[in-house]
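**Q** Each chain is listed here by its residues.
There are 2 protein chains.
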Amino acid sequence: MLDKVRVVMVETTHPGNIGAAARAMKTMGLADLRLVAPKIYPSAEATARASGAGDILANARVCADLDEALEGATLVVGTSARLRRVPWPCLTPRQLTAQLQHEPEDTRIAVLFGREDRGLTNEELHRCNLHVTVPTNPDYGVLNVASAVQLLAYELRLALVGDEAEPRGARSKRATMPLPEMFWDVEPASNQTVQGFLEHLERLMEDSGFLDPEQPGQVMTRMRRLFLRARPDKMEISILRGTLVALEKRLRGQDSR
Amino acid sequence: MLDKVRVVMVETTHPGNIGAAARAMKTMGLADLRLVAPKIYPSAEATARASGAGDILANARVCADLDEALEGATLVVGTSARLRRVPWPCLTPRQLTAQLQHEPEDTRIAVLFGREDRGLTNEELHRCNLHVTVPTNPDYGVLNVASAVQLLAYELRLALVGDEAEPRGARSKRATMPLPEMFWDVEPASNQTVQGFLEHLERLMEDSGFLDPEQPGQVMTRMRRLFLRARPDKMEISILRGTLVALEKRLRGQDSR
Numbered sequence: 001m002l003d004k005v006r007v008v009m010v011e012t013t014h015p016g017n018i019g020a021a022a023r024a025m026k027t028m029g030l031a032d033l034r035l036v037a038p039k040i041y042p043s044a045e046a047t048a049r050a051s052g053a054g055d056i057l058a059n060a061r062v063c064a065d066l067d068e069a070l071e072g073a074t075l076v077v078g079t080s081a082r083l084r085r086v087p088w089p090c091l092t093p094r095q096l097t098a099q100l101q102h103e104p105e106d107t108r109i110a111v112l113f114g115r116e117d118r119g120l121t122n123e124e125l126h127r128c129n130l131h132v133t134v135p136t137n138p139d140y141g142v143l144n145v146a147s148a149v150q151l152l153a154y155e156l157r158l159a160l161v162g163d164e165a166e167p168r169g170a171r172s173k174r175a176t177m178p179l180p181e182m183f184w185d186v187e188p189a190s191n192q193t194v195q196g197f198l199e200h201l202e203r204l205m206e207d208s209g210f211l212d213p214e215q216p217g218q219v220m221t222r223m224r225r226l227f228l229r230a231r232p233d234k235m236e237i238s239i240l241r242g243t244l245v246a247l248e249k250r251l252r253g254q255d256s257r
Numbered sequence: 001m002l003d004k005v006r007v008v009m010v011e012t013t014h015p016g017n018i019g020a021a022a023r024a025m026k027t028m029g030l031a032d033l034r035l036v037a038p039k040i041y042p043s044a045e046a047t048a049r050a051s052g053a054g055d056i057l058a059n060a061r062v063c064a065d066l067d068e069a070l071e072g073a074t075l076v077v078g079t080s081a082r083l084r085r086v087p088w089p090c091l092t093p094r095q096l097t098a099q100l101q102h103e104p105e106d107t108r109i110a111v112l113f114g115r116e117d118r119g120l121t122n123e124e125l126h127r128c129n130l131h132v133t134v135p136t137n138p139d140y141g142v143l144n145v146a147s148a149v150q151l152l153a154y155e156l157r158l159a160l161v162g163d164e165a166e167p168r169g170a171r172s173k174r175a176t177m178p179l180p181e182m183f184w185d186v187e188p189a190s191n192q193t194v195q196g197f198l199e200h201l202e203r204l205m206e207d208s209g210f211l212d213p214e215q216p217g218q219v220m221t222r223m224r225r226l227f228l229r230a231r232p233d234k235m236e237i238s239i240l241r242g243t244l245v246a247l248e249k250r251l252r253g254q255d256s257r
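Residue numbers (full-length UniProt numbering), protein chains in the order written: chain A, 1 to 257; chain B, 1 to 257.
Derived by calculation from the structure, the hints in this document are not laboratory data. Watch out, some of these pointers could steer you wrong.
Said to hold, decoys possible - Computed list of lysine-lysine pairs in DSSO-like fashion (alpha-carbon distance at most 30 angstroms, straight line):
1. A/Lys234 x A/Lys249
2. A/Lys39 x A/Lys4
3. B/Lys234 x A/Lys4
4. B/Lys249 x B/Lys234
5. A/Lys234 x B/Lys4
6. B/Lys39 x B/Lys4
All chains, please: the whole structure from these sequences, using the hints.
**A** Next up, the structure:
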């Protein structure tokens, strides 16, 4: 259903934002970009910021007005940071995508993004069935327009394709046993503390002759994964470090014997 | 809990991405930015792209190495686009934020973002408790690093602050009655078709003397909201248009009388 979604950028000022929006769209599998009266376009800056999404940019349709950009759309969604005088149905991106589950198959969605400085005009917002506002910091909600495209495209992908990271290469569903929330008596160790322990462990494994520094294989990677996953507490690390120190002393004692 | 989250950018090449990341952080209420050996920094481009988030940039700490950047962190999350030889606990952003609900209050989270061209090294990823991969288009998953910061910051905000658009100014919880999914017999009208009807309605309201073109108030805004929210089908619009045409004829007939 991603091919039924188009992105409409209205009177974008900075061509870099158009390129960045094209790239954001492509990372999420959107392809239909329409530009209503962009200030500077085409532009080398747009192409540079599009990176590997040059095809989206090449196929972007420059429209003289909003009518042309909305041609055939049956659900028009306007992005807006402000509340308007007459309140409109206004959703968060997640409420929007929940709503889309109930849309008929043949819905053709257009998502409108306004000017960098002033967003969409009231007239443009009044062409929309719904408004969407991204929840932001109340003290600074000024999302870059390409960032807004990225967030909406991401939410649309999750809703229409699913929340799955690329599954290829997955080897097994086997997971470590998850633990429920529980009372804990000791503070967690910091990452540095665990790092210090792992370096110590590596030295000792080498000193012990178990680990060949010339051919370490994946041994330490697997040890790291184990201990970082386990999230040891300070006491546990301190016990492990104590054990390593004691073992080291024994090894040195043997060497000097 | 947002103040317990820090963003760590490792060996970022383009200063513009640092500025854009600072802005992305601020829009979501994050403030603690650490830069490990950035290529070019400080930089006018970073400042320009930071826009109103100059304070985040000014307070960003430049670190010589990852150890310094991770100081005191108890949960280190590495962002990664690729699957590694030894699979690590790897979550989507949404799985990560679900997981954070079970974290103790004093967790100090660091989220690592790698180089533009190669991401994080294996060694860096092996400092992490968890890896996070944003679900992307399998044919082009090359997220811009500032876009990745934006997406993660957004998910963290939703998880730690809640999925709420700015509530101030909301007047009432009263909503129109929601409709369950149901069989429908006619195709939905396109946005253009509804637009055509609304323009026609406005003309007739003016011709009728009801609507003063010099003092239109919010009348048409409210009509727009009604009809755009209702998502009329083609047949309904055709009936409404027929009615308008008939009324127009009557009005003209009276004029000529």
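**Q** Work down the list of hints and note, for each, if the structure agrees.
**A** Cross-check of the supplied hints:
{"no.": "1", "hint": "A/Lys234 x A/Lys249", "result": "22 angstroms, holds"}
{"no.": "2", "hint": "A/Lys39 x A/Lys4", "result": "27 angstroms, holds"}
{"no.": "3", "hint": "B/Lys234 x A/Lys4", "result": "19 angstroms, holds"}
{"no.": "4", "hint": "B/Lys249 x B/Lys234", "result": "23 angstroms, holds"}
{"no.": "5", "hint": "A/Lys234 x B/Lys4", "result": "19 angstroms, holds"}
{"no.": "6", "hint": "B/Lys39 x B/Lys4", "result": "27 angstroms, holds"}
In this structure, none of the earlier numbered hints is contradicted; all agree with it.
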